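Visitor: Residues per chain are reported as follows:
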Amino acid sequence: MTIVVLLSAGRHPVSGAPVLPRMEAQAIRIAASLGEAVGLHAGPDAEAVREALGLGLTRIEHIALPEGLDPVPALSARLAALAPDLVLAGRRSQGGAESGVVPYALAEALDLLLIPDVVAVSGGADTLTLDQSLGRGALRRVSVRGPVLATVHPDAAAPHAYAFGKARRGAVELVGAAATGVDVPQAIVEERPYRRRPKLVKGAPTGGSAAERLKAATGEGGSAAKGRLLVEPDPEEAAREILAHLRQIGVLAGPTKSNS
Amino acid sequence: MTSLMPLTTVFPGLVWLMAALALVQGLRRAALWRVGAAAPVAWLDGLVKLPKRYLVDVHHVVARDPYASRMHAVVAGGLLAASILTALAILPPIAGFRPYWFVVALAFGVTAVGSLLVGARRYPAKQKRLSAGRFQILPFLLVAYAVGGTATALLLAFGIGGVFAPLALALAAAGGLGLAFEVRHGPMRHAAAGALHLVAHPRPGRFEGRPDTALQPLDLDAPRLGSEMPADFTWNRLLSYDACVSCGRCEIACPAFAAGQPLNPKRLIQDLVAGLSPAEPAYAGNPYPGGRPAQGERGALAGLIGPDARIHPDTLWSCTTCRACVEECPMMIEHVDAVVSLRRHQTLERGALPEKAVGPVTELRQSGDPGGRPLSARTDFAAGVDLPVMADRQQAEVLLWLGEGAYDLRYGRSLRALIRLLREAGVDFAVLGAEERDTGDLARRLGDEATFQALARENIATLQNYRFERIVTADPHALHALRNEYPAMGGRYTVIHHTAFLLELIRAGKLNPVRLPDLSVTYHDPCYLARYNGETEAPRAVLDAIGVSRSEMARSGKRAMCCGGGGGAPVSDIPGERRIPDIRMAQAAETGAGIVAVACPSCTAMLEGVTGRTSEIRDIAELLLQAVEAGR
Numbered sequence: 001m002t003i004v005v006l007l008s009a010g011r012h013p014v015s016g017a018p019v020l021p022r023m024e025a026q027a028i029r030i031a032a033s034l035g036e037a038v039g040l041h042a043g044p045d046a047e048a049v050r051e052a053l054g055l056g057l058t059r060i061e062h063i064a065l066p067e068g069l070d071p072v073p074a075l076s077a078r079l080a081a082l083a084p085d086l087v088l089a090g091r092r093s094q095g096g097a098e099s100g101v102v103p104y105a106l107a108e109a110l111d112l113l114l115i116p117d118v119v120a121v122s123g124g125a126d127t128l129t130l131d132q133s134l135g136r137g138a139l140r141r142v143s144v145r146g147p148v149l150a151t152v153h154p155d156a157a158a159p160h161a162y163a164f165g166k167a168r169r170g171a172v173e174l175v176g177a178a179a180t181g182v183d184v185p186q187a188i189v190e191e192r193p194y195r196r197r198p199k200l201v202k203g204a205p206t207g208g209s210a211a212e213r214l215k216a217a218t219g220e221g222g223s224a225a226k227g228r229l230l231v232e233p234d235p236e237e238a239a240r241e242i243l244a245h246l247r248q249i250g251v252l253a254g255p256t257k258s259n260s
Numbered sequence: 001m002t003s004l005m006p007l008t009t010v011f012p013g014l015v016w017l018m019a020a021l022a023l024v025q026g027l028r029r030a031a032l033w034r035v036g037a038a039a040p041v042a043w044l045d046g047l048v049k050l051p052k053r054y055l056v057d058v059h060h061v062v063a064r065d066p067y068a069s070r071m072h073a074v075v076a077g078g079l080l081a082a083s084i085l086t087a088l089a090i091l092p093p094i095a096g097f098r099p100y101w102f103v104v105a106l107a108f109g110v111t112a113v114g115s116l117l118v119g120a121r122r123y124p125a126k127q128k129r130l131s132a133g134r135f136q137i138l139p140f141l142l143v144a145y146a147v148g149g150t151a152t153a154l155l156l157a158f159g160i161g162g163v164f165a166p167l168a169l170a171l172a173a174a175g176g177l178g179l180a181f182e183v184r185h186g187p188m189r190h191a192a193a194g195a196l197h198l199v200a201h202p203r204p205g206r207f208e209g210r211p212d213t214a215l216q217p218l219d220l221d222a223p224r225l226g227s228e229m230p231a232d233f234t235w236n237r238l239l240s241y242d243a244c245v246s247c248g249r250c251e252i253a254c255p256a257f258a259a260g261q262p263l264n265p266k267r268l269i270q271d272l273v274a275g276l277s278p279a280e281p282a283y284a285g286n287p288y289p290g291g292r293p294a295q296g297e298r299g300a301l302a303g304l305i306g307p308d309a310r311i312h313p314d315t316l317w318s319c320t321t322c323r324a325c326v327e328e329c330p331m332m333i334e335h336v337d338a339v340v341s342l343r344r345h346q347t348l349e350r351g352a353l354p355e356k357a358v359g360p361v362t363e364l365r366q367s368g369d370p371g372g373r374p375l376s377a378r379t380d381f382a383a384g385v386d387l388p389v390m391a392d393r394q395q396a397e398v399l400l401w402l403g404e405g406a407y408d409l410r411y412g413r414s415l416r417a418l419i420r421l422l423r424e425a426g427v428d429f430a431v432l433g434a435e436e437r438d439t440g441d442l443a444r445r446l447g448d449e450a451t452f453q454a455l456a457r458e459n460i461a462t463l464q465n466y467r468f469e470r471i472v473t474a475d476p477h478a479l480h481a482l483r484n485e486y487p488a489m490g491g492r493y494t495v496i497h498h499t500a501f502l503l504e505l506i507r508a509g510k511l512n513p514v515r516l517p518d519l520s521v522t523y524h525d526p527c528y529l530a531r532y533n534g535e536t537e538a539p540r541a542v543l544d545a546i547g548v549s550r551s552e553m554a555r556s557g558k559r560a561m562c563c564g565g566g567g568g569a570p571v572s573d574i575p576g577e578r579r580i581p582d583i584r585m586a587q588a589a590e591t592g593a594g595i596v597a598v599a600c601p602s603c604t605a606m607l608e609g610v611t612g613r614t615s616e617i618r619d620i621a622e623l624l625l626q627a628v629e630a631g632r
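Quick mapping for you: the protein sequence lines, in order, are chains X and R.
Counting in full-length UniProt numbering, the first sequence runs from 1 upward without gaps.
Counting in full-length UniProt numbering, the second sequence runs from 1 upward without gaps.
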């Protein structure tokens, strides 16, 4: 089975240092579990993706392209020549010279099936089984025949540790560049460092003073305060109270007919 | 037999035969060391210094167990004296001089007493830390040689022949040849290999009175990185492991062993010994906690680490690199170097870091901080405090190195106290701010030498831009890296721990603390300050300057127990039966002190994380600030 992992020159979300994007490192782990895989990078410099050699790839093919040239034609030409059974890519850009749309552009150019947000891949040359993340832990299992391009979701297994020795031994091969590229249209984008933003909690109390909101959020003055205190009740009564409470908070089904 | 040859020739001949047998057995073992890598050894210097290294440095460690020290003085001294004196009697003039044999008998008699001392440690029941196996027959061999030798020498002294002489000689021969035979695999190997190890020690600096504790830099262009198999160690390291006498002092000191994590330093060294040769007898000491049976291939080219190999990876990652085993080892073995060398291979060549450590090490490599936090956030702890930054000043008397602890909310309190004290004393200081990267200590202890060297180079390049006289840091891990490990990378600085610096300020009259006699304090020594740098006095002197009532834990100073926070152990998080900081806090509670004084961000975090503790954790700087503020 031929597996290709698309590699991009990413940036660390915090430090801005040139690094291999995490999702591509995860893609390498998936690829390495299936068999021998080759990395593919198109860009001015292969140094940016050399890190992938320490994460499980033994070989990277580098298509040298001048800065600012659209990598899609060169990549699709190379992929057409390699005819891989599986192409893995990251899911979205995390800065640097990544755009996040290359997998889609490639799938369109090569008329490949694209399966997004994959967390695991198994199977052989004939049929591939891909587990696709639907968010919040829900998974969908997809079985496909024939070549497929999959993008990797962050919920996939964490990347392998970087091994300096392996990176040293791995090879970056320069492959012929189709210099007939087109310039990427310069999008007007502004790049800013990522900043974690506060999340709004659904159903959180609003209004009132800060102390009241805190009370409501921590349960004081909420349902706990509304409870009744029973001192040494008889077991029957205690059981009734517990059942009533469980029904009230929706753990048990509603009361039986005779009671209503 | 005596009719063919006089006893005065046969008896010294026996000793010569023993020496020859010991030499042959020793050479058979030494042939194995030759598979090791080459190492520079100052032979002449080592040989000249051997007596001093043995009688001073080794004795200093052995004498912590006075019984062992006296036992060795008697048995080893007696054995050597008796054997050499007997061997000299091969010369006829000496052999014919009867009073000489009285002296020989006396020497053998002393050995016999020593042999009984050796036996008393093992019979009727052996001490728990000692290994059994071949060591259990040692007392019998010694007794046989000593008693047989005494009897033979006495017969010669009194000139009695007859039926007794062959009997006595046979007893001496059985014991003596047995001892010589044991030089290859048995207990006597520690004497031969130990002496050679003292000559060819990989860290000769430790005998010169300076703490030679910096990890040796790894050549990242070497064909294979770190140690995978016995042949990857240098030959004098292989020799040093053969010096191990299985006394078990290391396992008593080891915090991971105490916590029931799968590490026993003695077993680890013995596994390195056994890995070298399939002929090595079975290990007979306490196992790795968790009771993993010995498995795996043996031989100079057999892999040492792996789930199915001799040493499980968890054993390797349990080590906190606290050096307690090295401190306690009477044979001067460098366990931590072995652990790091094995870790280097796992990390650099196989990418086999423990799962939980991958994240921090990756972040360290990519962003210069194990938490992946922005470097500019390092000074967030000092919000509202005036903190001069080097980039604005270009120079300062003191460069304050903040370290990773600065990101921690709790430790930020200690650093704020330190900064207020520096202000109070009018110290001209500045921090690197966003330019400070991690020293790479964590990466280095976890075997990621490449990341350490990259970070060291970046930090050294940054430090080159500024003028300062000294670096002050509150983090002993950063101190050790900057002071002892950066010089090999080309950065030489005067680095001083904040406790030593605060003591200077007090002595110079720049800080005027009042006495706080109501506080009862016990001080917990950080490994990287006490054992790695030999600094145990300054923190105590600061505590004494503020007049707290100070008590010592049973294990303190250079023999203190680790908090569990070193060597990447907190990020590797190998499960055990107990937690190391819980054990340490229980030891602190024994002193009854209300405050445990600390001087390291790792210790602060580990000890403060102990649940149900009754004492407070306070940094020395916090206590001093309290004393200074009380005086205003």
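Heads up, some of the hints might be wrong.
Unchecked claim - Within a straight-line C-alpha distance of at most 20 angstroms, the following computed SDA-like cross-link-like pairs (lysine to any residue) qualify:
no., chain 1, residue 1, chain 2, residue 2
1, X, K166, R, E355
2, R, K558, R, D219
3, X, K166, R, M229
4, R, K510, R, A541
5, X, K166, R, K510
6, R, K356, X, R141
7, R, K558, R, M229
8, R, K510, R, V427
I should point out that these hints are in silico values taken from the structure, not numbers from a laboratory.
Since the structure is predicted, the reported quantities are computational estimates derived from the model, not experimental observations.
Visitor: For every hint, state whether the structure bears it out.
Guide: Going through the hints against the structure:
{"no.": "1", "hint": "K166/X - E355/R", "in the structure": "holds, 18 angstroms"}
{"no.": "2", "hint": "K558/R - D219/R", "in the structure": "violated, 31 angstroms"}
{"no.": "3", "hint": "K166/X - M229/R", "in the structure": "holds, 18 angstroms"}
{"no.": "4", "hint": "K510/R - A541/R", "in the structure": "holds, 16 angstroms"}
{"no.": "5", "hint": "K166/X - K510/R", "in the structure": "violated, 55 angstroms"}
{"no.": "6", "hint": "K356/R - R141/X", "in the structure": "violated, 28 angstroms"}
{"no.": "7", "hint": "K558/R - M229/R", "in the structure": "violated, 32 angstroms"}
{"no.": "8", "hint": "K510/R - V427/R", "in the structure": "holds, 9 angstroms"}
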